[in-house]
Every structure is written in structure tokens, then in C-alpha cells.
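**Student:** Each chain, letter by letter, is given below.
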Amino acid sequence: MDPDPVLASSGSTICALCSAGGRASRGVIRVSGPLSGELLERTTCGTQGAAQEGLKPQSRGVFEGQFNDGLGTCPVLVIWMPGPGSYTREDVVEFHLPGNPHLMQAALQRLLKLGARSAEPGEFTRRAFENGALDLTRAEGVLALIESANEEQRRAASALLLGGLGRRMAGLRECLDDLRSLLEASLDFDQNDTGHVPEEELEALFQRALEKLHAATHWESARDAGPDLQRVVLAGAPNAGKSSLYNALMSCAPDPMPALVDPLAGSTRDVRRGELSLGRGRVTLIDTAGVGPLQNPGEAALSGTLDGRAQERAREEVQAADLVLWVLDGGAEVPAHLDPPGLLVWNQIDRAGVSQEPPEGLIRGARGWCAVSAQEGQGLESLRKVVSGLLGFAPPASGAGPQSSEGGSLGRQLRARHLDALRSARQALAEAHQLKAQAAPLDLVAEALRGVSREFDAIEGSSTSEDLLDRIFSRFCLGK
Amino acid sequence: MHSHPTPRRDSRAHFGVIVVGAGHAGIEAVLAAARLGQRAALVTFDLQRVGEMSCNPAIGGLGKGQLVREIDALGGAQGRIADQTGIQFRMLNTGKGAAVRAPRCQSDRHLYREEATRLVRAAQGVELIEGAVVALILEGEKQPEVRGVRLADGTELRAPAVILTTGTFLRARMHRGEEQSSGGRVGEASAEGLAADIATLGLELGRLKTGTPPRLDARSLDFGVMEEQLGDSEPQPFSFRTDIADFPHCPQVPCHLTWTTPATHQIIRDNVHLSPMAAGRIEGIGPRYCPSVEDKIMRFADKDRHQVFVEPEGLSTDVIYVNGVSTSLPARVQEAFVHTIPGLEQARFLQYGYAVEYDFVMPHQLDASLALRQTSGLFLAGQINGTSGYEEAAAQGLVAGTNAAKWIQGEAPFVLGRHEAYIGVMVDDLILTSPREPYRMFSSRAEHRLLLRQDNADRRLVPLAHKAGLVGAEELARVRVFEERFEAALGILKKRFVSPSRNLFDTLRRPEISWQGLLQEHPCQELVGLDPRVAEALEIEAKYEGYVRRQQDMVERMAREEDTTIPKELNYSGINGLGHEAREKLSLVRPATLGAAGRVEGVRPPDVALLAVHVERLRRQLSGAEGVSSSGAVQP
Numbered sequence: 032m033d034p035d036p037v038l039a040s041s042g043s044t045i046c047a048l049c050s051a052g053g054r055a056s057r058g059v060i061r062v063s064g065p066l067s068g069e070l071l072e073r074t075t076c077g078t079q080g081a082a083q084e085g086l087k088p089q090s091r092g093v094f095e096g097q098f099n100d101g102l103g104t105c106p107v108l109v110i111w112m113p114g115p116g117s118y119t120r121e122d123v124v125e126f127h128l129p130g131n132p133h134l135m136q137a138a139l140q141r142l143l144k145l146g147a148r149s150a151e152p153g154e155f156t157r158r159a160f161e162n163g164a165l166d167l168t169r170a171e172g173v174l175a176l177i178e179s180a181n182e183e184q185r186r187a188a189s190a191l192l193l194g195g196l197g198r199r200m201a202g203l204r205e206c207l208d209d210l211r212s213l214l215e216a217s218l219d220f221d222q223n224d225t226g227h228v229p230e231e232e233l234e235a236l237f238q239r240a241l242e243k244l245h246a247a248t249h250w251e252s253a254r255d256a257g258p259d260l261q262r263v264v265l266a267g268a269p270n271a272g273k274s275s276l277y278n279a280l281m282s283c284a285p286d287p288m289p290a291l292v293d294p295l296a297g298s299t300r301d302v303r304r305g306e307l308s309l310g311r312g313r314v315t316l317i318d319t320a321g322v323g324p325l326q327n328p329g330e331a332a333l334s335g336t337l338d339g340r341a342q343e344r345a346r347e348e349v350q351a352a353d354l355v356l357w358v359l360d361g362g363a364e365v366p367a368h369l370d371p372p373g374l375l376v377w378n379q380i381d382r383a384g385v386s387q388e389p390p391e392g393l394i395r396g397a398r399g400w401c402a403v404s405a406q407e408g409q410g411l412e413s414l415r416k417v418v419s420g421l422l423g424f425a426p427p428a429s430g431a432g433p434q435s436s437e438g439g440s441l442g443r444q445l446r447a448r449h450l451d452a453l454r455s456a457r458q459a460l461a462e463a464h465q466l467k468a469q470a471a472p473l474d475l476v477a478e479a480l481r482g483v484s485r486e487f488d489a490i491e492g493s494s495t496s497e498d499l500l501d502r503i504f505s506r507f508c509l510g511k
Numbered sequence: 002m003h004s005h006p007t008p009r010r011d012s013r014a015h016f017g018v019i020v021v022g023a024g025h026a027g028i029e030a031v032l033a034a035a036r037l038g039q040r041a042a043l044v045t046f047d048l049q050r051v052g053e054m055s056c057n058p059a060i061g062g063l064g065k066g067q068l069v070r071e072i073d074a075l076g077g078a079q080g081r082i083a084d085q086t087g088i089q090f091r092m093l094n095t096g097k098g099a100a101v102r103a104p105r106c107q108s109d110r111h112l113y114r115e116e117a118t119r120l121v122r123a124a125q126g127v128e129l130i131e132g133a134v135v136a137l138i139l140e141g142e143k144q145p146e147v148r149g150v151r152l153a154d155g156t157e158l159r160a161p162a163v164i165l166t167t168g169t170f171l172r173a174r175m176h177r178g179e180e181q182s183s184g185g186r187v188g189e190a191s192a193e194g195l196a197a198d199i200a201t202l203g204l205e206l207g208r209l210k211t212g213t214p215p216r217l218d219a220r221s222l223d224f225g226v227m228e229e230q231l232g233d234s235e236p237q238p239f240s241f242r243t244d245i246a247d248f249p250h251c252p253q254v255p256c257h258l259t260w261t262t263p264a265t266h267q268i269i270r271d272n273v274h275l276s277p278m279a280a281g282r283i284e285g286i287g288p289r290y291c292p293s294v295e296d297k298i299m300r301f302a303d304k305d306r307h308q309v310f311v312e313p314e315g316l317s318t319d320v321i322y323v324n325g326v327s328t329s330l331p332a333r334v335q336e337a338f339v340h341t342i343p344g345l346e347q348a349r350f351l352q353y354g355y356a357v358e359y360d361f362v363m364p365h366q367l368d369a370s371l372a373l374r375q376t377s378g379l380f381l382a383g384q385i386n387g388t389s390g391y392e393e394a395a396a397q398g399l400v401a402g403t404n405a406a407k408w409i410q411g412e413a414p415f416v417l418g419r420h421e422a423y424i425g426v427m428v429d430d431l432i433l434t435s436p437r438e439p440y441r442m443f444s445s446r447a448e449h450r451l452l453l454r455q456d457n458a459d460r461r462l463v464p465l466a467h468k469a470g471l472v473g474a475e476e477l478a479r480v481r482v483f484e485e486r487f488e489a490a491l492g493i494l495k496k497r498f499v500s501p502s503r504n505l506f507d508t509l510r511r512p513e514i515s516w517q518g519l520l521q522e523h524p525c526q527e528l529v530g531l532d533p534r535v536a537e538a539l540e541i542e543a544k545y546e547g548y549v550r551r552q553q554d555m556v557e558r559m560a561r562e563e564d565t566t567i568p569k570e571l572n573y574s575g576i577n578g579l580g581h582e583a584r585e586k587l588s589l590v591r592p593a594t595l596g597a598a599g600r601v602e603g604v605r606p607p608d609v610a611l612l613a614v615h616v617e618r619l620r621r622q623l624s625g626a627e628g629v630s631s632s633g634a635v636q637p
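Going line by line, the protein sequences match chains A and B.
The numbers in our numbering rise by one with no breaks, and the one at position 341 of the first sequence is 372.
The numbers in our numbering rise by one with no breaks, and the one at position 601 of the second sequence is 602.
Any given hint could be a false lead.
To be verified - Quick list of simulated restraints, FRET-style, between CB atoms: (1) B/Thr201 with A/Gly42: 30 to 40 Å; (2) B/Thr201 with A/Gln458: 51 to 61 Å; (3) B/Ala280 with A/Ala363: 23 to 33 Å; (4) B/Ala280 with A/Gln458: 28 to 38 Å; (5) B/Arg503 with A/Gly42: 39 to 49 Å.
What the hints assert, rightly or not - To give an idea of the interface, some chain B residues facing chain A are shown, with a C-beta separation under 8 Å as derived from the structure: (6) Leu112; (7) Leu152; (8) Pro606; (9) Val614.
Treat the hints as calculated values from the structure; they're not laboratory data.
No residue lacks a Cβ here, since even glycine has one placed at the ideal position from N, Cα and C.
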């Protein structure tokens, strides 16, 4: 690197939602890179006059106009910051749109279609730093913040993947991996020179992959990205008092239907959820069927019973939670540890003979603990405070640090990224299929398929050539 | 950047570089060091076994033929030796595309050794020494530095750099049935003294296994019932320097193909409990791509027959290598099952198959120059790094020999990128992810394989090799001439229009149009008699242009991170916000560049962004006032 870095023109233009998540009156999309001006011109038009001309990015400033997402228009406030006088020192444009999730989604899609790509976490900051707009300490601070926000994003992503796209992706991957291992085995191991791969098997795999890819894209685009509230999940052994606690916490919320509470263990069969205000923030509170932290995850699913399915769903919720409240009955047997670690809620302290504190070992493995009596309403206020604190709703101790401009609305941001990747994957797969139809050399078909894998990696995390080899070795008998 | 400062002059040094082991890695290592002007010693147990082919008598193959061409472009010997001693040449994968095509040859094992020995003896600055290395000479107060080797007879050979290419000889143990013996190859000892020294250096070791099939007497086989396999009618040499007029040098012979039978499978199934693998006597991990016959039959029970390639070991010998039935079953079981294979019913055994287990050094402890990061002066190449194959070994030998010389001479290391060579892919794979099984090259490991073809190895690498001092000006001139011919012919193709909108080059793009077909359809006087290699290159250029450009774009996008080196002072535990797994793996592997860091298991894109900032901060600190060390990111 140069000691005094010149503009790091990596060539690409990046975009991302950068307004705070949840319910905002306004949503902001930020774009940075050489295409910024062109994107501004192509997606907007002025309000004055009948001329449907795009806003012209001339000098730095704020403009009002209409944003066209390809389907319709909506009012937009545009902030145009030509480089080098911008955050990243590249041309930057910000679109301030009405905070409707669907609208933001469509706007983002439009920008991606016109040649921008989704920003990696921290990429705006990195560009700012590399172009000399941000000093080291500040860049470091922002990136550390993003890294922790990214942790949250990973959790949100895994929640989405649990939710249905993951299942569809798994089927899709399977199909693509079969296709690729069939071709690569022929390229790397088969000593015949013809490159003969069973035509029918190949074509069938192609058709299946195309179908599944279509279905996954359809599912993801139809999915409601939903409000991006953090998810607080009540978990614990059956009859530990989760539903009582849910009702107690929700009693001040306009929840029309309290959870059914029955002293007979396991009365909460399904997952219930409601919105809960906590100080400055709001969360989705989720009540699950009793799930012990120590049970084998596969066990319940295998049983296939109604209870089994409820338990499986409960586990999915726990996995996807931002915070798990492990509700433990102080009078009953307690598990040895909590996985994943969460807030320990020591319940039923109103009952005679129940210790006021959980065992030392459990406290060490938790993110904190509270003693409550859900029945009597004891300790609820301090519970709310602790939860607010853990979720970052409490007022910050000192200066908030640099504004994270890249947190954004996670669900929507992720969906835009997924759709972007799925669309590219479809293109690559269609290209591979066409190459095959034209009897192009197998190495080119294989190359196009590698492109499909790369797009999937963008959604699910990367796979390696070693993974592919594993598959080849498990399927084919190889070696002279 | 080398991991260690340039060594001080040692007035007692006999050599610049000492290479231990005269296998395929050792030969290239010593020749490369000598090409760069070092006085170099090659020390071997046995002068009769320089360049021994311990397993199959063949060079090249899928993924490997590309390596041989690259070694040749870098001035190495393997391709030239193979060309002089090959008795059947074939281009594999011809119908599957230019990127996966690969040359292979059967070699005369005896001639190969002779030619290798001749080249080593003829090389300027190389001394061939017979002796068993029993210890490393280690000096230095805080961290041990290697200063040479000690032989069994007490002789000390001193040099600032030592390259170990000891193959499977570290704590080697051979298995056949219930028999076990110490040794890395039939009739040869294990290197226990060296293994002990490596243990004192505190290196992390792993254990691998490999196997070899029986050798049979050709006079006892019935070739009439087997399928004959001939080489190419127009064989192509490996080396770009081999004179095509004098090629092939040796008479060409056929190989034969036969198959296992249900009776073979039955015998093996009945006796599989006698294999050292099944009995749990082997702890090393074997290669999945080269399984023993018992493994193939047990794991793929639905296959009712497996190929058996009957390959001659040379022109003047009756030894036959039975490729496909590598085994460590007891001798009598080997005889019984081999006799059920058509054509081998009367086979006389000259040597039984066996498995060998050996230690290797986990290669994440190496840097990209193949030097150990923690011990100054010690380079490793070949199977000792967990690889398998003559070609993989030779390529590493060349890298280690070159870099040992560069280090002594105070020059920058010679490191090839993943987009430049299969050799670059291999070294990068080895040092970032230690192998779980013997590492073999596959074309699917190279994400830029459309760029890394066997046909363009010299155009890719000769300019780099010339700059590094590995090849002379005449090599560079040869490549330049080729490029000129290529450009001239390309110009002609693009100027000749066959329709208003289509020229000859566009026509050549179509998958079904070959070079010959093009010239038949559109005779073009200027292109008659064009060098066939230029014609091949043009055809590939036409058909792959778009895809090649796409890969080049990808390489360019990543160039920034590939070029950003991570100072070795970086302390990963001082970086807030780095994921736990990323921190642990990075501290262990210590990647040389940001690009490499991104390929370390468990490292995600935001981790790389964070690293980028810390690297820049540290770089500025280091280039600023000396002695800035108060920051948490700098180690004391």
C-alpha cells in the first residue's frame, strides 16, 4: 500500500440500506462508487415540471424528487456528495425514502439491477479508510462496531435460513453438488479421453437444479421480511413457568390472547409471540414449548409426534434468538449448563423452600440472572431492565461512538442480498446449461457451474474445493 | 519477505545449500540452487537410487502433467528427464477441454535414474555425496538455527541452508499382512536420527500412509487375453526445450488393461481381516484417490470389477507394475487374488505389495518459500510436507531450492500466486490448510484453471523465471518468438472476413470448428505450415477468450488483497472484534497476505476488513519512528 493512499478505485459501486432497523419514518439507502451519479440519474426525476428527466448530479447538495423502482414512483430526498468531499471520498449518493420495508426492498433491487452490488459489512468504512478519509483509530472503532453488528446479522441470517430458504438451499446445493461432482470426477479422475458423462443423468440434474433454484427465488421474494425486532425467546423445561412469565410480561401490552397456562407439564404446544415494549426499544417475545437445554436435538424431530414437532420448532426459535431467557423452576431439578448461554431467570421464588439464588455453576455459564416470581409479579421490573441492558436499549454510558451507518434493516438487507445472489446463480446455471447444449468443452460447463456455487457461497458461507473432493470420493470409486 | 534475516557468512561453510535426499524434490532443489549460483550438495543414502520412482513408473497425468510443464518452464529437470526416458506418451482428457488436458508418460525406471544422475553430475556447482544424514547441526542461543548436517561416519557438512526432501523416510514403517518392518522403501532404512532432531525442534507432525502394488515377471503373463493400450500416434514431449526432431527418444511400447473378477473380490473379502488397515495396525491416513484394492472392493461393493493396468517398468527389464491393485495383504493372499485376474493366472511375483506409514511435518509451519517459520535455515519439500507424487515433490523442490538461494543472497523470495501457476495453488493450499490425506494436485483445486493450462505454462512462467534468474535469455527469446508468431497469425485471422460481420477468428470460436476444419473450409495461404503449438494456442484463445477474460477480471479484483502483506509483527490477539475461530486459526497459520488470510478456514470478509485496517496501522508504525512498540498490536 502507498503511504498516502490514493483513491482506491476498486471499480465497483456498492449500496446498502443504512437506516436504523425497525419502524422508522424514513429509510436511507447509501451508494458509493463511480456509478453513483449514473444511478441517481437513472432512478430519479424532478418534481417540478412535466419533464421526466433524472436529477442531474452537478454540485453537492440536497434535492427532492421522485424515485422510480421500475414499478412505480415515490417521493425521495436525495443527498448528492461527489468525491472527494464524501465519507468514502468516492461519489456518494443517499436516497431518503419513506420507511416502508417493501419500498426499500424494491429500491435496493433496482439499484442492484442497474449495476451496483451489495456492500460487504464494513465496506463503506474500509473504503473511507483506504481513501484516506478516515484515520486509523476511527476506522478501527467503526469496524469493531460493525463486527459486533455483523454478529447480529449472522444470527439474523441463520434465523432466515432456518426459516425455509435454508431448507430450499440445502436441496439446491445437493443438486448442484451432484452436478459438479459428476463433471469434476470426469475431468480430474476419468482417464478416458472423451469426457463422456451420462447425458440423461446430466440433463436430469440440470432440470432439477433449475427447478429448485426457481422455487427458492420465488420463496425468498415472496417472503415477508417483517419488522426487524430483536427476538427474545423464553425457553426451559416443561412447566418451569414460561407461559406465566410470558403472560406477566405481556400483561401491560395489548396482547389479546394470553397463553394457556396449565400446571400439567407441556401445555404450551405451539410457539406464541407478541410485541413487547422495553424502555426505548421493542422486541418480539416468543414463548416456546418446554425444551430442556440438554436434550439431543435430533431426538424430538425423529419422533414425529405433535409434541416432537413443537419441540423442534422451539429449538429453531432458540437457535435464532437474539436473547434466550432460560426459565428455571427454583424448586425443580436444574440442568448442568445452558446452551446457548442466555439470561437465567430463576422462577417461583415465592414458593416455600425455594432457594433465592441459582447454583453458582449455572450463573457462570449465563449472561446474567434474575430472580422472579411470575405468579406474584415479583422481580419483573428488574428483569425488564436487565433485558433492555443486554439488548442495548439502555442509554449509552458515554458518547455513542461513530454512527454505524451500515447496520440497516437486517432482514431486508439480507433478502436483497439473497435475491441478488439467487438471480446471478440462475444466470450462471442457465449459461452452464446452454454451454452443455452447444456441446462446449466440459471444462467450460464446469466453470459456469463453479460460478453458481460462488453465488450460493454468498448466501450460506463458503464451500471449498476440499468439500467437492469429499463428495467425489464418497460417490465414485477412483484411482488406478 | 523471508521469515528470517539473511544469514551471516560462516567461514567454515562448505556449501551454500545442502539438500538431503535425492528423490524428485531433492534433484530439483539442488539444481535450482545451483542455477542461482549456490554451491550445492545433494546427499543421498545410495548413489544408485538418484531419481528413483518408488511407486509407479510414470510421470504426469491429470493435474500433474500441468505441474511438470510448469517445472520445465521454470528451468527444472523433470520434464526433460521424462522426455529422454519415456516409453509411452499420451495426452489425457483431449476431449474435455483445453484447461484439463494433461500429458502423461510411462517411464523406463532404470533409464530415468540414469538420466537424473547424469543431469545432477553434469550440473555446475552441484556435488553428489553418498552418506546417511543422522543429525542436523543446530546452533544459536535463543532459537535454533540450522548450520548443516552430520553424516553417519561423523563427517560434518556445513551450510547456511539445509533442504530436507526425505520423502517417506521419517519414522517409516512398512506393513504387509502381519509383518512390519522399519523402512521407507523395500531394502532401505528409516531416517530415525533426523526424525529425532525434528522432534527436538518442536514441530507439529502428522502421520500418513501410502501403498504400492506387487511387481510381476512379464514372462509369466498372458498378454494375449488383455486389452492393448497404445500411446499417442503423435506423441508430444513435456519439455518446451525438447527437440521434437529427436523425440520420442526411446522406442515406444504398449501397456495392457485387464480386470478383476468376482473370484478376486471373494478372496479379498474373505481375507480382508488380515490387512494391517483392518487390524488397526496402521494409524496413518491414506489417499482416497489412490485406494488399495481391498479398500475399493469393500467400499464399493456394488462394482463387480475394477480396472488393472499392466505397465512395463522399462525396455530392458521384465518387471511389470500392476497399477490398480495396491495392497498390503499377506503375500499368500496377494498371490491368490492376482492369479484370478485374466492374463495373470500364472504370474510370478518379483516383489509383493506393501503399505508404508511415515511422519510428515504439518506444512502450516512453513512460509510460502517453503522455509520453516520458527527455525532459521531449514527448508522442506516433497512428501515430508504431506504431499504425494513425483510431480508435486519436484515442484516443491524447485521452490525450496530457489528460495534457499534467494534467502542466502538477500533477495526477495520467489513466490507464485494461485492465478499464476498450479505450483502457486499447491504451496498456498499446503501452508494455509494442512493436508488430511496425502495431498495430490487436482485441476479442481485451481479456481483459475482456465488460465493455468499445460499449453501456456512457458508463456505464463518463463518471463517470471527469467526475472528470478532461473532460466537464461534464450528461453525468454523462445517465448517472445512464439508470442510474435501468435500475434501475427491472430492478426491474419481477424482481418480475413468470411461474411460481412464475421472473420476467421469468430468462426474459430464455434465449438464444432477445429483449426484443421477452419483451414479446410477457408484455405488461407499465409497460415499454411503454422507451428502447430501456435495453432493450438489460437484455437484455445478463440474458444476460451470470454471465460479467460472473466477469470482475469476476478484475479484483478482480488489483486489488492493478494498484494497486501501482513507484517509478521501483527499480534492477532490484540485485535478487538476478530472472531474467536478466526483469531485462533490466523495465529496458527500466520498468512503472508490479506488475500491468504481470507482463505484461512473460519475467516470471514468482515474479519479481513478489520485486519486490513490493523495491517495498515502497524505498517505505518513500523515505517515511522523505530522502537514504537507500546501499541497493543505490536509484540514486544
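**Student:** So, for every hint listed, does it hold in this structure?
**Tutor:** Results of checking the hints against the structure:
Here the CB-CB span from B/Thr201 to A/Gly42 is close to 52 Å, at odds with the stated 30 to 40 Å. At roughly 57 Å, the beta-carbon separation of B/Thr201 and A/Gln458 lies within the given 51 to 61 Å, and the hint holds. Range check, B/Ala280 to A/Ala363: Cβ separation about 51 Å, and the 23 to 33 Å hint is violated. At about 53 Å, the beta-carbon gap between B/Ala280 and A/Gln458 misses the expected band of 28 to 38 Å.
Between B/Arg503 and A/Gly42 the beta carbon distance is about 32 Å. The supplied range of 39 to 49 Å is therefore violated. For the restraint placing B/Leu112 at the interface with chain A, the shortest Cβ-Cβ distance is roughly 22 Å, beyond the 8 Å limit, so the hint is violated. With 8 Å as the threshold, the beta carbon of B/Leu152 stays out of range of chain A, its nearest partner Cβ sitting at about 38 Å, so the hint is violated. A cut of 8 Å between beta carbons decides the hint on B/Pro606: the least distance to chain A is about 5 Å, and the hint holds.
Proximity of B/Val614 to chain A holds as hinted, the smallest CB-CB distance being about 5 Å (cut-off 8 Å).
Going down the numbered hints, you'll see the structure goes against 1, 3, 4, 5, 6, 7, while the others check out.
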